[in-house]
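S.K.: Spelled out from the first residue to the last, the chains are:
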Amino acid sequence: MKLKLNINNKFYNTNIDGDESLLDILRKIGFKSVKKGCDTGTCGVCSVLIDGKPTLSCQFLAARAKDVKITTVEGLGKQADEIVDLIVSEGADQCGYCGPSLVLTTYAMKKELKNPTVEKINHYLTGNLCRCSGYEGQLRGIKKYMGVK
Amino acid sequence: MRFDKFVQPKNLKTALEILKKDPKSVILGGTTFLRISDKNYSTGIDLSALGLKYIKEVGDQIEIGAYTSLRTLETDPIINKYFGKLVPKSLENLIGVQFRNNATIGGAIFGRLGFTEIITALLVLDCELEFEENGLVPFSEFISNWKIKRDILKKIIIKKNKGKCSYKMMRNSSSDFTILSVAVSNFDKIRIAVGTRPAIATLSIKAAQLINSDKNKIEEAANLIAEEFKFGKDLRAEGKYRKMIAPVLVKRALQEVLK
Chain A
641 MKLKLNINNK FYNTNIDGDE SLLDILRKIG FKSVKKGCDT GTCGVCSVLI
691 DGKPTLSCQF LAARAKDVKI TTVEGLGKQA DEIVDLIVSE GADQCGYCGP
741 SLVLTTYAMK KELKNPTVEK INHYLTGNLC RCSGYEGQLR GIKKYMGVK
Chain B
12 MRFDKFVQPK NLKTALEILK KDPKSVILGG TTFLRISDKN YSTGIDLSAL
62 GLKYIKEVGD QIEIGAYTSL RTLETDPIIN KYFGKLVPKS LENLIGVQFR
112 NNATIGGAIF GRLGFTEIIT ALLVLDCELE FEENGLVPFS EFISNWKIKR
162 DILKKIIIKK NKGKCSYKMM RNSSSDFTIL SVAVSNFDKI RIAVGTRPAI
212 ATLSIKAAQL INSDKNKIEE AANLIAEEFK FGKDLRAEGK YRKMIAPVLV
262 KRALQEVLK
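Chains A and B supply the protein sequences, listed in that same order.
The number in my numbering is simply the position in the first sequence, starting from 1, with 640 added.
The number in my numbering is simply the position in the second sequence, starting from 1, with 11 added.
A hint or two may mislead.
[To be verified] Think about it this way: if two alpha-carbon atoms lie no more than 25 Å apart in a straight line, the pair counts; the simulated DMTMM-like pairs of lysine to aspartate or glutamate are:
| no. | chain 1 | residue 1 | chain 2 | residue 2 |
| --- | --- | --- | --- | --- |
| 1 | B | 64 | A | 733 |
| 2 | B | 96 | A | 752 |
| 3 | B | 96 | B | 141 |
| 4 | A | 750 | B | 162 |
| 5 | B | 165 | A | 691 |
| 6 | B | 244 | B | 49 |
| 7 | B | 64 | B | 162 |
Calculated directly from the structure, the hints in this document are not laboratory data.
Remember, it's a predicted structure, so these values are computed and weren't measured experimentally.
Based on the sequences and whatever the hints tell you, model everything.
M.R.: Below, the structure written as structure tokens:
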């Protein structure tokens with residue numbers, strides 16, 4: 641079936657199967673920042689923003705995406721740079737595989753959490769797995785971004 | 012999970028017709044099993060554009076559309092206002108925010124899976140389900156038998172009863188599925204539900220009778236839970252372990268609602 645997707649405020653025409661995940665379609669189009677990790681809804685590295693909300697693209701049917709606004713980390717531009725710089729300044733970036741999804745989720749978190757605390761941040765980011773950093777450095781950078789001591 | 016055809020019917024009537032006509036068709040919820048399940052279907056029926064995403068107060072009840080996401084339910088001010096945050100507490104530790112933004116309440120209920128915490132919570136509330144064909148069905152009836160298999164869940168209706176509720180669970184790690192979940196409510200009488208045993212949540216009869224006859228018998232009622240239910244094993248816990256934990260969680264929940 642034919643599909644027109646709004647990705648980072650640009651429209652892309654593509655052909656999909658009805659049961660294809662948004663993750664596979666995004667990567668086919670060329671958005672390789674959307675990583676394929678577990679592909680079973682556990683690791684969070686395939687997260688994108690669907691109408692501003694962090695969502696696992698491996699579980700989201702591409703066919704359902706025709707009327708939504710999809711944002712990948714490329715679409716955040718300088719807003720992504722701000723988060724990345726804070727994380728890197730804490731020496732937290734290692735293999736980088738979880739980076740794009742972590743940045744997107746952090747961006748959405750700042751918009752959503754009214755009174756962020758360390759506990760709320762930790763809880764919000766539970767779905768973002770990182771297998772090399774141990775989270776501490778990342779969290780130091782994210783806390784700075786969120787304005788939490 | 013695979014399907015040959017993806018359809019978006021214009022209304023629920025047409026969707027039900029497709030579902031009834033084709034035994035290999037399936038109603039698509041949040042599709043969280045998209046890559047976990049190896050089932051093959053002929054037609055995936057998508058109802059996400061039919062206005063089933065809402066939470067509203069209607070008189071003395073709350074109505075929730077079946078396509079409402081678990082995250083919306085968890086953070087909604089109406090849902091957070093009632094039942095001592097019982098419903099949000101049963102959702103907030105499931106995988107992660109990204110998962111809950113996609114998973115739907117209708118899918119969570121209709122699957123009738125043992126690890127579904129929200130089923131434990133809803134069992135102790137006055138809750139009904141509205142289906143396209145079967146109309147209104149008490150939640151506990153839907154959960155305890157498998158008579159309704161080919162129908163469309165439209166909404167979940169919860170009475171705004173006043174009283175205390177408590178939700179307790181145990182899990183091996185913070186975003187994993189639970190190894191046991193317990194919900195207790197104290198409206199006109201005390202109700203106790205125990206889930207993830209690992210079987211689907213069930214309401215207690217014996218322990219509930221005991222605590223309703225004498226509110227001081229918290230310890231005895233909690234211990235009775237271990238005898239009343241069967242506790243099995245899965246990859247997360249042994250039956251013996253669950254049997255030991257259940258009275259502890261029930262006791263804490265009873266203490267909370269009877270404070």
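S.K.: Compare the structure with the hints numbered earlier in the document and write down the numbers of the violated ones, lowest to highest.
M.R.: Violated hints (numbers, rising): 1 and 4; every other hint is consistent with the structure.
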